[in-house]
Amino acid sequence: MSHAVSSKRYEGLHGAMAEFDTPEDLIEACEKAYSEGYRKMDAYAPMPVEGLAEAIGYKKNKVALCVLIGGCTGVCFGLGLLEWISMVAYPHNVGGRPLNSWPAFIPITFECMILFSALTALVSMLAMNGLPRPYHAVFNVPAFERASVDRFFLCIESQDPKFEPDSTVSFLQTLGGREVNFVPE
Amino acid sequence: MDQIEKVKESGYQLPGEIIPDPGAKIVLGGGHDYASVTERIAGVVYLPMKNSPKKWLVGAFFAFCFVNLLMLAIYVLFTRGTGIWGINIPIGWGFAIINFVWWIGIGHAGTLISAILFLLKQDWRTSINRFSEAMTLFAVACAGMFPILHLGRPWLFYWLLPYPNSMWLWPQPRSPLEWDVFAVSTYGTVSLVFWYVGLLPDLASLRDTAPSLLQRRIYGVMSLGWRGSAIHWHRYQKAYLLLAGLSTPLVLSVHTIVSFDFAISVLPGWHTTIFPPYFVAGAVYSGFAMVLTLIIPLRAWYNMRDLITLRTIEAACKLMLGVGLIVAYGYASEAFFAWYSGDKYEQFMYWNRMTGPYGFTYWLLILCNILIPQLLWSQKVRHSLALVWGISIVINIGMWLERFEIVVTSLHRDFLPSSWGMYIPSKWDWATYAGTLGFFMLLIFLFVRFLPSISIFEVREQVHRDLHEKPVEEHA
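Keeping their order, the protein sequence lines are chains A and B. Here the first sequence is numbered in the numbering used here, starting from 1 and rising by one per residue. Here the second sequence is numbered in the numbering used here, starting from 186 and rising by one per residue.
For reference, chain B alone in the conformation it holds in the complex (with noise of 0.2 Å):
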């Protein structure tokens, strides 16, 4: 009796001993065949409730805790109004657009894993695309819901849409907001299209493989009825490359786009032409920070060192680098062209910004995106997982800090000293932005519970590679 047969009658448990990473050369550990990562990456989601790493039960309980915060957040928010928020005139914007370019930023890296890494054929990016995939998704629902929350009549979302109503009025389409209705909804649809036909041969391994007859019936439903057709491949393969194809355009005109209700403005700070790279950068970096956060912990609960290798981890450290030096590089030029741009609303939102009311977090956010990073030049400090995994949460904050300064300081003092202000979140505006990340990592927890969160078939194509072709060797 094999594997497979064996998980079948008596189901999976996690491997006893830790299995070692083996290190940073290699995609995918040693001693694998088909049926071998089949088992593995499949078994996490047949395991019993009983047998789940109980990190994950306390994770999850808290995470759904923060969920509750979240539910009760948006009943005091749909009763009192946006007032229980810190927002004013003339910050009018605060934590909820703050927040929703932070979230859709982390979306971002996840396409890019998925879709430009594809197309580049990075063979690492095999071992985390499909969670990445799944952090897209959740992180961009939890990014509609701002914009949403933050209209005052949320119940009167729809009228963003473009449909024939009773008063025959009409969005405007000139506009970025408008723009962004468009860009986040099909960033949203693609991203879940190119998602679920990723999913789509794994379900199918699933219904072949699930030890109880209802895990197999609800994967059979899902796979719609998958059978490996060598011809249902090649139609699959080529769907799967124009999805990528597509999604690489989108990624980058999405937080254009989104960077565009700032730049398409005539306030200083926001009115800059670096904006749409920039956020791009911006967006990546966070995402890959995110990405990070999530799997180190994940890898190590499910002992799935071997499959999620430090080969993984470190070009996910090096990329991050890579896009941070961008944005470092943005952050340059905008000071840059403040000063040379001899417009003094410019200067002196600049020197508002580093030295104002706010100018803690302008060094914070130098601090955290700009100057720890650059540790990661170190290979002791890459292959040191406790470090990478303190580097990705210092940038999480670093480039959730971008976003308050990008929307706060260039508010909330602009062209008329009388007009003004400051603003200081509310209690509400914080448990509304916890619970979002309660509800993130609760979607998290649930995915890598119930879908396989590594691309089965992928992996088996690393297997077949591993066996035909020689590593090459690379520099460190």
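In isolation and in its complexed conformation, chain A is listed as follows (with noise of 0.2 Å):
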């Protein structure tokens, strides 16, 4: 995470975080904090919930993306492998059936591709994700042990040019949330 030079506004202070019992509740939270213009902002949840990601402006996907390359790149991975022992490496007269016999090459060609697509769904997933990561500040707040068993979190960072900590707190409070507590960095 890249800490712009706004942050620097705040030393210390990742941001402020309101506590809610329903991802509904979350769901409306986020949509409420983005109409206000906020821009900066996570939501936590201890389970994935339909239009979350989007209600605080998430659009752009790319983990398919990723997969598709890393998917092709497996074709021609197992194929030119194929390809190069029996044409190149090891070139080998069977009863004289052809060297170049790619019929015969499908299947481990497949088995490739599905192993490099699986490969790169997990690696970009989590690169993308920025994890392995074993500090994150929203750790701070005592009561975020609670976000992955039952409790739903939004979370405005104080890199938002909108923040400040007076102002952002009491419109956190106006959600109806539990409590809102600051994120120490």
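DSSO-like cross-link-like pairs, simulated, lysine-lysine; straight-line CA separation at most 30 Å: (1) B/K306 to A/K59; (2) B/K423 to A/K32; (3) B/K306 to A/K62; (4) B/K423 to A/K40; (5) B/K306 to B/K423; (6) B/K423 to A/K62; (7) B/K423 to A/K59; (8) A/K60 to B/K423; (9) A/K60 to B/K306; (10) B/K193 to B/K239.
Note that these hints are calculated values from the structure, not bench results.
Each of the two chains sits in its own frame; use the hints to bring them together as a complex.
Pasting the structure below:
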């Protein structure tokens, strides 16, 4: 996570965080925050919540594109390897059959495609999410332990140009959650 | 102080009273919220060893004994060679390949449950998908052992892989045996990735709720710092969907390629085009049987009848019955084409299979795989856990016999009567087989002890669905 110049305004403060009981409350809060003009924020939930990422303005999911590229690489690798083995590295005449007997190479090519795509799905998902990441500021809020159990959180980050500690906290308090906390860096 | 805090303070205890099964229409028992499912599923992991069910301890101990038997069998094999087994010429494959096909078939239901039923949005899979994925992994581990032990010089197994070596020798990419290397290793790797991706958010839950600092540290490292951000979830779900989409053709391809090991040869009884679909159906059949064999005791031991309900068990029974009929069609088609081909070797092979020295295995197989499972048509049988469990064991045995019959009866009497032979498994064959059963069971026992055996976050989604949707009435 890059620290923009604007974050220097509030040294040691990651943002302000509100806590909710249900996913519906969280989505509503996110939509209100977005229409209020906040852009640098993140929502946290113990399970996938439909429409939550869209509510905080997330649009482009590039995992599928990465997997497509991974799969194509797998096909090229698999077929290339087999063609190279049987035509260049170790040409072997078996009863006069053609060296480039590509139909027999399809199963391994297919398996390579699946293998490369699956590994790309894992690696690209983790890399774009910035994981593994042992430390993150949101863990400094004690109540955040429940983010993986039964609570839902909205964190407006101090990098947001519209972020002011007092006004943002009082805005979050109007959203009707349980409590609002500052998130120390 | 709520349940989660209580677990953190003083550990977890299994519910004292038996929690009843809510019946065959409900995926998740009533009265659950996000915290209570977390407590119940994660709690099993936090149980102190002294509070573990006694049956777990006894089972794990026996499984461990069998692992030692496996070690012994492998030691004797490595020092004395494959001659300790019953294999000979003409029956060069024997138990090693029978067990390989059997084990890898068992794994397939796990992928079917976690990937194909996910794509089909079957909500009853939620309670067993994690467990069956684990079963897949462990079954593939057992399966992968056999071809390597069968190699003769197992320590040179890496010669199977295409790598630049000093002899400049490369594997034969036109051989189904080489396809198998790629198929099985890809299957193992992708199953592991799929399983771990599914575990990631639950490991974060364990990190946040475990009672001991050591557990929090271990699960914390394994969870990679997952914090449940909405954007992370979005990418996560896309990756999970794609993995499910990739696993679906993969699982079909793996057993297809395994069947090519047989079908690409010219041996009567192996050289048939029905093999790929018939092998895949058989794999799913045996895998569902193994899932039922394992979850019925598991949910009783850990008092999870409200989490893994009769809905799941009944749906699994119906699917098992369905694929069982495809398997029956496979047998019928094999028999028909053996006769219809007009090929005297094919005809003799099938006649020999039914009436030859191994004829009893054929009729036992028909009994186990076709006749007895027809009981599942009755709802009363599907609702009787003892009967379902018994039938699942019968199908496991039946599917093993099917592989025995395919491998042995085709090889032992082929074209030339002068090269016929008999195969009698030795005690080391049985020891290796029993040993892998123990190894598999031990891994299952450790898995339910140390990792959440039900996907917690998916059950939370189910809680959410139950809160907001009226239950759909459906036909029993």
